[in-house]
Amino acid sequence: MSIEEHRDDIETCFGTSCNFCERNCPVYKILRIKTYTSKGKNRAMLGLIDGHYDASMALAEVAFTCTLCGACDAHCALPNTERFIELRRKLVKEGLIRPEYDLAIESIKRTGDVFGRSIETSKIFEETADGEVPVYLGCQYKGNKNEVKLIIKVLDKMGIKAKITDDESCCGYIAHVLGYEDEMPEIVSKFKEAYPHDDFITLCPSCTMFTQEEMDLNSTHVVKRVHELIMSGKVKLKNLDMDATYHDPCDLGRKLGVIEEPREILEAMGVRVHEMENNKEFSMCCGAGGGMLITDPELVEDMSKQRMKQAIDTGVDVLVTVCPTCESTLLTGSMLARKEYKKRVKVMSLWELLDEALE
Amino acid sequence: MEYIEELKAALGDKVLTEDFERFIFGADWSPRTQKEIMPPDVVICPRSTEDVVETVKIAYKYGIPVTAGGGLTGMAGGAVPIHGGIYIDGACMNKIVEVDVENQTIRTQSGATLQELVDAGKSHGLWFPILPESKWSCTIASAIACDNDSTFGMKYGKPLNQVLSIEMVTGRGEVIEAGHRKARFSASGYKLKDLIIGSEGTLGVITGATVKLEPVPEHRHVDMIIFDSMSKAVDYLDNLLRMGLVPEGAHINCKRRLKFYTHAYKEKHGHDPKIPDWAGSLLAIIFAGDKDVVDFSLKKAYAMADEMGGQLIQEREIIDNWWISKHTLDFPAFKQKWPASQKVKKFGAADPGIPMGRLEEYYDIFIETAEKYELDILGMNAYLEHPGSIGFSLSCALFVNYRDQDEVDRFRKYFEEMSKRAVDLEGTMSTYMSDTDLKVPYFEYEHGAGAQYMLEIKRIFDPKCIMNPGKKFTREKVLEKEE
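Taken in order, these protein sequences are the chains called A and B.
The numbering of the first sequence is our numbering, which starts it at 1 and goes up by one.
The numbering of the second sequence is our numbering, which starts it at 1 and goes up by one.
Relax, there's no trap hidden among the hints.
Only pairs whose alpha carbons sit at most 30 Å apart, straight line, appear in this in silico DSSO-like list of lysine-lysine:
hint, chain 1, residue 1, chain 2, residue 2
1, B, Lys-291, B, Lys-122
2, B, Lys-122, A, Lys-342
3, B, Lys-8, B, Lys-95
4, B, Lys-95, A, Lys-342
5, B, Lys-343, A, Lys-29
6, A, Lys-123, A, Lys-109
7, A, Lys-109, A, Lys-192
8, B, Lys-95, A, Lys-346
9, A, Lys-309, B, Lys-122
10, A, Lys-234, A, Lys-163
11, B, Lys-122, A, Lys-346
12, B, Lys-14, B, Lys-464
13, B, Lys-61, B, Lys-8
14, B, Lys-232, B, Lys-300
15, B, Lys-95, A, Lys-280
16, A, Lys-224, A, Lys-123
17, A, Lys-29, B, Lys-8
18, A, Lys-29, B, Lys-95
19, A, Lys-280, B, Lys-343
20, B, Lys-35, A, Lys-93
21, B, Lys-212, B, Lys-182
22, A, Lys-238, A, Lys-163
23, B, Lys-266, A, Lys-280
24, B, Lys-212, A, Lys-309
Here are the in silico distance ranges between beta carbons for each label pair:
hint, chain 1, residue 1, chain 2, residue 2, range
25, A, Gly-270, B, Ser-186, 55 to 61 Å
26, B, Val-101, A, Asp-241, 34 to 40 Å
27, A, Asp-54, B, Glu-267, 37 to 43 Å
28, A, Lys-343, B, Asp-238, 51 to 57 Å
29, A, Asn-239, B, Asp-306, 53 to 59 Å
30, B, His-271, A, Lys-343, 47 to 53 Å
31, A, Glu-228, B, Leu-160, 55 to 61 Å
32, A, Asp-102, B, His-271, 53 to 59 Å
33, A, Glu-193, B, Glu-267, 40 to 46 Å
To give an idea of the interface, some chain A residues facing chain B are shown, with a C-beta separation under 10 Å as derived from the structure:
hint, residue
34, Gly-15
35, Thr-16
36, Arg-32
37, Ile-33
38, Leu-46
39, Gly-47
40, Asp-54
FYI, nobody ran anything at the bench for these hints, they're computed from the structure.
Positions of the beta carbon are idealized from the N, C-alpha and C atoms, including for glycine.
Let the sequences and hints guide you as you build the complete structure.
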């Protein structure tokens, strides 16, 4: 598909021009320049389609300064983020990219890992050698030994014997959102070849979203599986008697609709959930989506601080999330927000709490 | 261009010159075809009043047009830079300078959205009540520049009633503060503040404002009452006022108009809300305050409705749909009112004001004029926008195919005729969009000899006619004297 094929929607945005997309756009809230909004990008595409100008590096800077979090889609009848990936594809094809993107894609093609690492996961997680349920780590979790060990432990306590293998290759999510269309067949087939499971658990929301929505595979995010077990009454949890807020990862919440499950898990552990101003389908991105960590880490920091300010405003001391990227990004945001607002909100993964709550 | 280089030297990366960046600012929400997108030559993203002063001084030196905009949700092209030049994206300046809880005021930079003013007052139990549907994007400067509407106008009025003071950079590049600080009114001097309200940026660029905040009401109740005519709804409101009841808001919808607000209802039920055939109007009415006061008001209001043959809508879902669509904007994702109605055609409206006794007559003119120009009728809404009395701000709305130049042109003829007919009925051409370039050819139809005095005022503030030129007066006309 080309951006020209999105013409009807782009024209509808021109006709509607409601600007609702501005409301919760994490980038616009920081930069406050309309070119970065969904409407701004749609309007820029309209001029591009109509030949008012050609694509340029300046346009690419705007197109890649987007978390693809879907906050604009939540306020709109049009699927905007799909179109923004299409725009990125066009820009990549025209070579209007930063060298860092090429390096990331090369790393995936060379090593199967977006960071270019060769990690023997079976040795690190040797306790899963006799596991039964394939668990796909994804690039982010692969290097996060302690957290993955914690998840394995929690799953074990719940009766799920995780199986982690060396056969993982990047699912291709990052290549997809960066618009490397031509590279996708190679990356995806490498993934499928390396990881030929029909039914597996995923830990990362982005890997889950990509394998489900773009590859049509039967992957299940681990939170869904854990939720089922808790709701069936098969697992007993201690009452932690605490207050926290929950940050919805964009791919898990807004895109896959896994919104109530993590909240119900928290409530089952006696955690009272205090919602931030932006929550559930209208949640606000931590800042790291859409390849932004490669594009503009400083802006990511500003966005993570912005999100942590919302956590501070709830009055609780703990923020819980369930995405490796959100977690690390919000940890930075928490430190920055602490400096500015003189209040610390601790960022925790759901796994830490589950480990504590499980006998 | 030399002036752009000078702007870059003065303002650095606050100056946007890429083609695509300029293109984005070439249109607002008004019905226009893509061919009518009018990009400025350069866009400025100011962060302070000083940035605006720098910009205007350079513009003044070179005689370059300066158009300032906010959310670009205007419905008649008020912030479209029709003469090119410099566009100032006022939304870039959105700092809240001070919330004065004791005096219930807020001082803000000009680019804060109306919702951001509400958010700023929230933790203090205060809110800013000038809230049109565009509140998430419409900035306070834009609201002032066209003296726009509010859902809560019957109690709080318009910007004219809520703004205490305005900071503006004039067409000479000088900063003035017009108004009376935190005092609610003043008998000193000329009312420059009131002159700026509705001036569409033709006198200068608004850079800051002090506005009143109001206590957040403890309780609010919205109802809808059916009457057999629009004039009956007016009589009803008049009776409420005579009784001493002042609703927080009141909106008289014609039957067609209601459908626009109940799209989600139709999606859910597969049909439009069932409204009796005899219905001539649907009055949405809002009461707010202490619960017991609201309950008492409702009791009296219901009794009066009954006495006048009005029928209270019992199906709460209809009312809730209207309210969500009108105010909370809290519609489920993908279920808002736009998709079905604005995929091909968009909302386009004339915004006249007429005296309270002429509503029925003007409604007939609306239907007749829309049919004459073969335009799809969306419906009429009479917003009550005068505090404690009956004052209409009309939205006479159509669906306009913005992909069809002929239809857009017919819409503009309709717009002109509706404007003039309102003046004929002892009313006004505009109540919330202001004049823009559309009403320039017939500006004197309403203002007569007064237009010449307005022209002289324009020349005092903006001798080189660089401030949003082409709005209210043609640029040539303003510069005639100089030549």
